[in-house]
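Protein chains in written order, with numbering that gives the first Met the number 0: chain A, 0 to 553; chain B, 0 to 316; chain C, 0 to 316.
What the hints contain is simulated information worked out from the structure, not anything from laboratory work.
Note that CB positions come from ideal geometry on N, CA and C, so glycine has one too.
Check each hint, because a few of them may be wrong.
[Unchecked claim] To spell it out: a stretch of chain C is covered by chain B in this simulated footprint if at least three of its residues, at any positions, have a beta carbon under 8 Å from a beta carbon of chain B; those stretches are:
#, stretch
1, 55-65
2, 100-113
3, 241-249
[To be verified] BS3-like mimics (lysine-lysine), calculated; alpha carbons at most 30 Å apart, straight line:
#, chain 1, residue 1, chain 2, residue 2
4, B, K159, A, K532
5, B, K169, A, K192
6, A, K532, B, K169
7, A, K193, B, K221
8, A, K278, B, K221
[Said to hold, decoys possible] Pulled a few chain B residues facing chain C out of the computed Cβ check, cut under 7 Å:
#, residue
9, M0
10, S5
11, L9
12, P30
13, Q86
14, P87
15, Y201
16, H232
17, I239
18, T243
19, V276
20, L296
21, F297
22, L298
23, Y306
24, D310
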Amino acid sequence: MRYLATGVLAASLALSGAALAQQKAGELTVAMTQFPSTLNPHIDSMLAKTIVLHMTQRPLTTFNEKWQAICLLCTELPTIENGKAKPVDLPDGKKGVSVTYTIHPNAKWGDGTPVTTKDVLFTYEVGKNPDTGVANMEQFREIVSIVAHDDKSFTVTKDKLKFSYNLMNDFRLIPEHIEKANFDPKSAADYKKKTAFDTNTTNPGLFFGPYKIAEIVTSSHVSFVPNPTWFGDKPKFNRVTFKVIENTAAMEANLLSGSVDYIMGELGITIDQALAFQKRQADKYNYDFKPGLVYEHIDLNLDNPLLKDKRVRQGLLLAINRDQIVQQLFEGKQPVAHTNVNPLDWIYDKDVKTYRHDAKKAAELFDAAGFNVMKEGYRHNAAGDRLRFELMTTAGNRSRELVQQVLQSQWKAVGVEIVIKNEPARVFFGETTKERKYTGMALFAWISSPENVPLTILSSKHIPTKENNWAGQNYTGYKNPEMDKLLEDIEVELDREKRRTLWTKFQAIYSEDLPVLPLFFRAEPFIVPKWLKGIVPTGHQYGTTMWSQNWAAN
Amino acid sequence: MTRFLSLRFLQALLVVLVMSFVVYSLIGLMPGDPIDIMLSGDPNMTAADAARLRAHYGLDRPLHERYLEWLGNAARGDFGFSRQHHQPVLAIVLPRLLNTLYLMIGAFVISVAIAIPAGVYAARHPRSWVDQAINLFCFAGISVPTFFLALLLIILFAVKLGILPAGGMKTIGQSSFTDQLRYLILPVMTLTIINIAQITRYLRSGMIEVLREDYIRTARAKGAHESRVVWRHALRNAMIPTVTIMALECGTLLSGAVITETMFAYLGMGKLILDSVLANDFNVALIGLLFACSVTLFLNLVADLLYAVLDPRISYR
Amino acid sequence: MVSLSPSETLIRDEAGLPPATRPAVLIWRRFRRHKGALIGGAVLVALALLAVLAPAIESWRGQDHEAVNLFNRFQPASAEHPLGTDDLGRDLLMRLIYGGRISLFVGLVTACLTASIGTVIGLVSGWYGGRVDAFLMRLCDGWITLPLLPLLIVLAAVDPTKVGLPAAIAKSPDLSLYRIVLIISLVAWTTSARLVRGVTLSLKTRDFVQAAVAQGASTARILFVHILPNALSPILVAATLASGNIILLESTLSFFGLGIQPPVASWGNILTNAQEIIWSQPMQAIYPGVLIFATVISLNFVGDGLQDAFDPRTEGR
């Protein structure tokens with residue numbers, strides 16, 4: 000049986016591709032690994048939901064594939080230059096900003112009701128209510144007021160004049176004409192049980208995007224059909240289905256058997272799987288490995304006396320060969336990170352200090368830090384302390400475990416002992432990093448957006464403690480007054496060139512201090528059949544489905 | 000008998016009650032929680048948002064308080080909402096339960112139908128080549144990892160031959176029974192291959208032992224027809240361990256087919272329970288687990304009753 | 000008809016025979032006749048030897064099983080690497096040999112522990128019946144449905160030094176291994192408990208047991224001398240069939256951070272890691288799979304052999 004099985008597998012691998020994906024006219028089936036728990040735009044936060052929602056509606060503004068801010072539902076991006084945004088002095092003496100948007104004149108919900116400022120005001124009312132259970136509350140909290148001028152134009156006043164003043168990327172509208180009946184401000188907590196997005200998901204009135212939802216089966220699939228009231232380019236498919244297949248090996252099999260046509264990069268197979276797949280199926284698909292804003296790095300617990308020494312941190316980074324890891328494990332598809340700023344971001348400083356693999360220099364730094372006694376193959380200081388750290392990450396993530404073992408062996412070569420201790424994701428993120436319970440190193444990723452200011456990650460005011468109820472994401476415990484000030488300055492600097500100078504300074508401090516060890520930016524593999532056109536990976540969280548009207552069969 | 004059954008019923012109620020508390024506490028005691036995972040996936044969310052959401056879902060209240068509230072509501076037939084899916088618990092659980100029942104019954108009936116003749120034959124001809132073949136098949140079935148077996152079947156039947164769907168519940172846009180049946184074949188086949196081994200092996204070893212017993216020799220010596228000896232006298236006595244195992248396996252199929260369900264993207268109870276537990280979706284996890292517990296209790300009761308049928312000397316008082 | 004317990008037959012046989020044929024010798028003689036059992040035993044001994052000698056083999060071959068070499072990934076079989084290399088360029092043969100240390104230890108020790116716990120509970124439950132039986136079996140029913148996952152996550156969070164373990168043990172690298180054994184034994188005893196209890200229910204009504212009771216034999220003696228030997232066949236099947244499952248379960252534990260941590264190898268984690276690369280590197284899954292298969296087969300044949308060896312009636316055939 001076993002050998003028979005082996006034979007079958009070997010034979011099928013040799014002949015794989017015999018049953019090729021057959022395209023059904025006008026239909027597209029897409030595989031993804033996760034199903035959204037809710038489709039309400041503001042309750043809960045998960046990538047799968049954003050991806051599905053972008054098929055059926057548009058936020059006011061977003062970033063395009065070149066990482067530039069653009070208007071989607073609005074007609075023109077408001078700026079101070081074009082007069083649609085004005086700095087204002089708020090009653091409490093702070094400097095705020097008023098931004099005026101105009102909703103696209105042809106925007107209509109799927110049942111024909113126009114999208115109007117009523118929806119904007121209603122969305123704000125729902126979002127700002129603390130009992131609604133909104134995931135990203137900050138975007139509502141920063142709004143001082145919204146004033147509607149007519150059906151289509153309105154002015155938002157925000158409490159702080161930041162350089163990103165005109166962005167409302169996560170401001171997704173809720174249809175007032177449907178949801179008003181389900182939302183009672185006095186018992187807002189019940190809204191999540193009543194929202195039509197979950198109780199009557201196929202109601203066309205919930206959507207104004209190129210597609211609307213025709214069928215949805217929780218945890219299994221969601222099917223879209225064109226929405227006739229959409230104001231943009233006509234969608235090209237009669238039916239698009241997103242099918243959930245959690246196991247990525249099974250996902251590959253589904254692609255080969257033709258039961259799905261295309262694997263979405265945002266929630267698809269892992270990069271090593273995709274690279275191996277490409278070798279076997281080079282001609283049948285187009286491959287796009289879009290490096291994105293997922294920043295894989297190692298947080299260092301700066302309360303650890305060994306890690307307090309900057310020389311040790313720099314030595315650690317010099318001792319590992321990230322170029323080799325990226326080349327050998329990921330065929331160079333994931334760029335090495337030097338700081339948390341992605342090379343594709345316009346603020347990236349080409350001349351940032353880099354740490355190319357240099358074992359000799361690393362050894363010198365360790366020696367200088369006092370770890371110059373070799374015992375049992377590892378470095379010790381005069382007091383007999385071993386240069387030894389615990390390296391933790393999420394258990395069961397094969398890719399991270401591979402990187403972890405390579406790092407362990409590269410550090411061993413310079414006399415640093417690494418003990419691997421992995422935990423399930425919920426414990427790792429819910430306790431170990433959040434409550435800063437890791438003793439040495441924590442390997443994980445931050446997802447960001449273009450020109451994101453990592454205030455909560457690097458500012459000393461955001462170190463989680465028991466006293467502040469573990470608020471903040473500065474898990475390393477990094478404290479640098481210069482950095483604190485810089486982060487606040489960047490946020491409110493409107494002039495691009497001045498901001499560029501500040502960002503350069505930011506990257507200089509980051510790469511000198513190394514509160515975290517930068518590893519690389521993750522790439523998302525898109526496996527697209529040759530006949531499918533119009534898929535443009537973006538590399539940030541506002542992904543391909545935002546432009547789904549351009550998807551077409553060749 | 001009535002007294003025995005009503006006693007068992009009371010015991011079962013007690014077990015379910017205790018289990019509900021144990022399960023609730025276990026889920027509550029797990030360190031970390033899924034809301035914090037949202038943070039690492041959304042740059043705009045802050046730790047303060049996470050704390051607010053926890054309070055919103057009542058996850059910050061003391062465990063015993065939440066448990067008692069849940070118990071009170073459940074006793075009144077209100078099983079609450081799924082924290083994860085924002086839908087009433089039964090709307091989530093019932094369709095899954097139905098799917099699992101198809102899977103469970105299919106796999107159970109087929110395994111038993113194959114395993115009993117195979118086990119008996121193997122026992123009557125120990126160490127013959129048929130016996131060895133049956134044994135090898137059984138060992139392969141239990142030592143091949145489920146994910147591997149599932150992938151092999153997908154490759155063979157969906158990719159190479161293209162005659163069965165690779166996974167899912169139904170062809171989208173269709174709702175005929177035969178269509179659903181096609182989606183059941185591969186998962187049922189996977190579970191059958193895995194389950195057949197146990198029943199066959201217990202039956203085989205039980206039969207071998209019984210066939211050596213004096214009373215079987217006596218029956219044979221008296222000239223009783225061989226098939227009557229085997230199927231009436233021997234099988235009956237060899238069935239006690241087999242019945243035990245069948246009851247246990249049937250229960251496992253209800254909530255333990257997680258890997259099979261995942262590989263074939265089949266929406267069953269196993270995956271639902273696992274996901275709900277991991278997501279701290281207390282309401283769904285509890286109903287799912289209590290259901291699985293009740294089924295186990297029921298199946299083991301059936302097994303106990305069957306013992307008495309198989310061996311009339313066993314009595315419960 | 001007064002039938003004697005087989006073990007009593009054994010004792011009487013012993014009394015009438017010359018000293019050279021003590022029971023152990025008899026058992027060995029019968030065992031030896033089972034060819035499959037002999038081969039199985041040999042395979043197990045060979046695998047165990049490899050595991051024990053792993054460090055010696057490592058230094059003899061000059062292959063460090065944990066040394067990463069990124070330029071050497073997925074090398075095909077060669078004289079230097081008879082089975083090729085893995086995803087980090089490590090010698091696969093060496094990793095499999097080291098993996099055997101963990102997997103065989105966990106598989107064999109846990110299977111024995113599980114069977115022992117289950118047997119004692121089953122014997123007590125079946126023999127005493129009544130309230131004892133009701134309590135133990137309802138405990139068992141609940142235990143079966145106890146969700147493994149939250150239990151594992153909660154257990155992983157327990158700080159071993161806080162539960163009174165001396166720091167020397169708590170800090171020892173073998174701790175995770177003992178923990179795996181303990182956890183699996185704690186969850187897996189239910190099958191053998193239900194099996195043994197079922198058989199005990201039936202056996203305690205038999206004449207030879209009643210005779211022993213009438214003669215005033217102690218309960219312990221009746222349970223372990225009269226009943227246990229006759230309940231051996233399902234216990235052996237349960238223990239030998241479970242071993243494969245246990246070896247695979249170990250890798251599931253690692254998934255939750257409870258098992259062994261990388262870079263330590265086990266058959267289970269080599270297999271699980273192969274899951275994502277199964278299409279391009281199927282051999283990474285097949286080698287550990289074959290080893291688990293070989294272990295399961297060998298154990299089962301040895302089990303069959305033992306069943307025959309302990310059953311004096313085989314003598315007459």
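Outcome of the hint check:
Restraint check on the stretch 55-65 of chain C versus chain B: 0 residues with Cβ-Cβ distances below 8 Å, three needed, restraint violated. Counting residues of the stretch 100-113 of chain C whose beta carbon lies closer than 8 Å to any beta carbon of chain B gives 0, which falls below the threshold of three, so the coverage claim is violated. Using a Cβ-Cβ cut-off of 8 Å, 3 residues of the stretch 241-249 of chain C lie near chain B, which meets the minimum of three, so the contact claim holds. For the given pair, K159(B) sits about 27 Å from K532(A) by alpha-carbon distance, which is consistent with the 30 Å threshold.
Taken as a hint, the K169(B) and K192(A) pair is honoured in the structure, with Cα atoms around 28 Å apart against an allowance of 30 Å. Restraint check for K532(A) and K169(B): the C-alpha separation of about 28 Å stays at or below 30 Å, so the hint holds. Distance hint between K193(A) and K221(B) is unfulfilled; the C-alpha atoms sit about 75 Å from each other, more than 30 Å. A C-alpha spacing of about 71 Å is found between K278(A) and K221(B), which places the hinted pair above 30 Å, so the restraint is violated.
Annotation: interface hint on M0(B) violated; nearest CB of chain C at approximately 16 Å, more than 7 Å. For S5(B), the suggested interface contact is broken, since its CB lies about 13 Å from the closest CB of chain C, more than 7 Å. Against a cut-off of 7 Å between C-beta atoms, the interface hint on L9(B) is violated, since the closest Cβ of chain C lies about 10 Å away. Given the 7 Å rule on beta carbons, the hint for P30(B) holds: about 5 Å separates it from the nearest Cβ of chain C.
Checking Q86(B) against chain C: minimum C-beta separation of about 22 Å lies over 7 Å; hint violated. Contact between P87(B) and chain C, as hinted, is not supported at the beta carbon level, the nearest pair being about 22 Å apart and thus beyond 7 Å. Residue-level restraint check for Y201(B) holds (minimum Cβ-Cβ distance to chain C is 5 Å; threshold 7 Å). The beta carbon of H232(B) is not positioned within 7 Å of any beta carbon in chain C (closest approach about 14 Å), and the interface hint is therefore violated.
Interface hint status for I239(B): upheld, as the beta-carbon distance to the closest one in chain C is roughly 5 Å, under 7 Å. A hinted interface residue such as T243(B) counts as satisfied when its beta carbon comes closer than 7 Å to some beta carbon of chain C; here the least separation is about 5 Å, so the hint holds. With its C-beta approaching chain C no nearer than about 5 Å, V276(B) sits inside the 7 Å limit, and its interface hint holds. Look at L296(B): its Cβ gets to within about 5 Å of chain C, closer than 7 Å, so that hint holds up.
The criterion of a C-beta within 7 Å of any C-beta in chain C is not met by F297(B), whose closest approach is roughly 10 Å, and the hint is violated. Given the 7 Å rule on beta carbons, the hint for L298(B) is violated: about 9 Å separates it from the nearest Cβ of chain C. The interface hint given for Y306(B) holds, since its Cβ lies 6 Å from the closest Cβ of chain C, which is under the 7 Å cut-off. Annotation: D310(B) was flagged as interfacial toward chain C, and the flag holds, the nearest CB pair being 5 Å apart, inside 7 Å.
Going through the hint list in order, the structure does not satisfy hints 1, 2, 7, 8, 9, 10, 11, 13, 14, 16, 21 and 22.
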